[in-house]
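Visitor: So you can see what is in the structure, the chains are spelled out below.
2 protein chains.
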Amino acid sequence: MPSAKDVRELAARVRRGDRAAAARALSIVTEERPGHEALAGAFFSDHGASHTVGLCGSPGSGKSSLVNRLVTRLRAAGETVGVLAVDPTSAFTGGAFLGDRMRFQAHSLDDGVFMRSLATRGMMGGLNATIFAAIHVLEACGFSKVLVETVGTGQDEVDVAEVVDTVVCVSAPYQGDEFQAMKAGTMEIGDVFAVNKADLPEVERAVAMLKDALSLNPLHDGGWAPRIAPVSALTGKGVAELAADIDAHRAHLASSGELESRRRRQLRRELSLVLSRRLYRDAMARVTDRHIDLLAAKKSSPQSLGGTLLAGRK
Amino acid sequence: MPSAKDVRELAARVRRGDRAAAARALSIVTEERPGHEALAGAFFSDHGASHTVGLCGSPGSGKSSLVNRLVTRLRAAGETVGVLAVDPTSAFTGGAFLGDRMRFQAHSLDDGVFMRSLATRGMMGGLNATIFAAIHVLEACGFSKVLVETVGTGQDEVDVAEVVDTVVCVSAPYQGDEFQAMKAGTMEIGDVFAVNKADLPEVERAVAMLKDALSLNPLHDGGWAPRIAPVSALTGKGVAELAADIDAHRAHLASSGELESRRRRQLRRELSLVLSRRLYRDAMARVTDRHIDLLAAKKSSPQSLGGTLLAGRK
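Chains as they are written, first to last, in the numbering used here: chain P, 1 to 314; chain D, 315 to 628.
The set of hints was computed from the structure by calculation and includes no laboratory data. These figures come from a predicted structure and were not determined experimentally. Glycine residues also receive a C-beta, built at the ideal position from the N, C-alpha and C atoms. Mixed in with the good hints, there may be bad ones.
Claimed, not checked - Just a sample of chain P residues kept apart from chain D, beta carbon distances all over 12 Å, derived:
1. R24
2. E31
3. E202
4. R264
Said to hold, decoys possible - With a cut-off of at most 30 Å between alpha-carbon atoms, the simulated DSBU-like pairs for lysine-lysine come out as follows:
5. P:K299 - D:K319
6. P:K237 - P:K211
7. P:K5 - D:K612
8. P:K5 - D:K613
9. D:K551 - D:K525
10. P:K298 - D:K319
Isolated chain P, as found in the complex (with noise of 0.2 Å):
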């Protein structure tokens, strides 16, 4: 168990940019070490000094190698990148993909750019508070932008709207049911749509789906109007123009004071993160045996022994 005195330390040698205490920090608050929790709150009054972009799309809509080219035009704008990989790892193997490591390599000598692949971890499935202490530990470091990029269809990608500030979804043409997936969950969330593998021709019919789609819901949070951009990750066509979408979103939040009430949904959304899980590992330990025991005997049901147990804790 880290001291107060080595959380401080740690803390304020992420804030003067040590990328290796950063990489330790995020190290401890994801995978829930002791003292997390001690150095997650430290973390936190850095919440939202970075402008915070989630990345959400099917498998299959090229996202990871669009974020490459993402990072590479950010960083020739001179802003600096921090990327968080959620992926759908178990919490058996606690591990990356071995695509994320290998595709990760492409900015490892960039010292303007750290990338990190989470696992979502345990029970409760979907993202959880860790995702949150991991952007803090990022903005912390002074990386201009912070990119969450959520792997996989799923709870992620809409719980990934109420995390950060733009969202942004990938889709690519002739995605089957990939693109049912996207429609689904994500087309109430997307703050910018980026349209990947522009270079084959059916991109042109895919805009025109997802302009039909859009057109039913026209109304934005704060009078955005969601905007499509065609990009190839292949030949980097179009990422300029996403870049830019990107940032115009950023400047529409802070000029029509819809920021501060993502900002505001965003904390509510951690403090419920971290009340849930405190009472999630609180609730697990009052179980016994015997109350297992209980229900295999169909002596009780879970609902009539939940009320027992939380009665107890009064």
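Dock chain D against the given chain P, drawing on the hints supplied.
Guide: Coordinates of chain D only, in the frame set by chain P:
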């Protein structure tokens, strides 16, 4: 709010095999409508009445078509089948995939089959307590098999192992990233591995790769050696053998004593999910705008405020 008598009557109708009553009960418990806890409590006693089978696998593996084939096979063998498709649809639309609705029609005239899409809902992500309640409703309704199909990669896939008796992982040759995702998240939880698209020549290589990967983890729960079943959802080839493997696993669970330990694990998970859901609601009800003001002004952190809110409970 339904009365205790309403709950009893609805439960009695479901137990007589009334499909319309089952549909209504499912809506109440999965959408957490008024009375859902009383109803879920009433159906809990049916836990364990059916053989529950989880099917996981990434989009593109052809899992949905395979489930349709499997249902047809199970019906031919005299079983009745309930299917719960857990889909990544957002809290925003609350709806199911169009594709799901279409494929469900294949069995819509067969009273021995009941299919329902469930959205994984709201804040907590992943599978939540309502999946257990939904299973118990179908168990009460007398289905001999209850299939739980997860859609998408991610936490749901790993979660399903703590919800069902038998886990079937579906993959397909040449899935690229998808195949990696399966290895990272689900190699440890599969009791049976269905390799779909066995009509393609590449299937042999996929089976060989899977055998290699499984050989790293030869000792499975209770001495079961995971089986590999090449299948073709397109032609139906191998589906009978897959059904036989699933039943062989169920027989193994019973003879080895592993069934009891899996069911206790299910009970523990169900209880913890019910508990944490209630605790979360309680805690969130106590979060006010003043708390968010404190966080926005950086006068507190989620970690210390969480502690204060929980202490206030005692």
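Visitor: So, for every hint listed, does it hold in this structure?
Guide: Status of the hints after comparison with the structure:
1. With a minimum CB-CB distance of about 19 Å to chain D, R24 of chain P clears the 12 Å threshold, and the non-interface call stands.
2. With a closest Cβ-Cβ approach of about 16 Å to chain D, E31 of chain P is found to remain outside the 12 Å limit, as its non-interface label requires.
3. Annotated as non-interface, E202 of chain P keeps its C-beta farther than 12 Å from every C-beta of chain D; the closest such distance is 18 Å.
4. Against chain D, the non-interface label of R264 of chain P is violated: not every CB pair exceeds 12 Å, the least being about 5 Å.
5. Annotation: proposed proximity of K299 of chain P to K319 of chain D holds, straight-line Cα distance about 21 Å (limit 30 Å).
6. Straight-line distance between C-alpha atoms of K237 of chain P and K211 of chain P comes to about 20 Å, which keeps the hinted pair within the 30 Å bound.
7. Between K5 of chain P and K612 of chain D the CA atoms are separated by roughly 21 Å; this keeps the pair inside 30 Å, and the hint holds.
8. Note on K5 of chain P and K613 of chain D: the hinted pairing holds, with a Cα-Cα distance of about 21 Å set against a maximum of 30 Å.
9. A C-alpha spacing of about 20 Å is found between K551 of chain D and K525 of chain D, which places the hinted pair at or below 30 Å, so the restraint holds.
10. The suggested pairing of K298 of chain P with K319 of chain D holds, with an alpha-carbon distance near 21 Å, which does not exceed 30 Å.
Checked against the numbered hints listed earlier, the structure breaks hint 4 alone; every other hint is satisfied.
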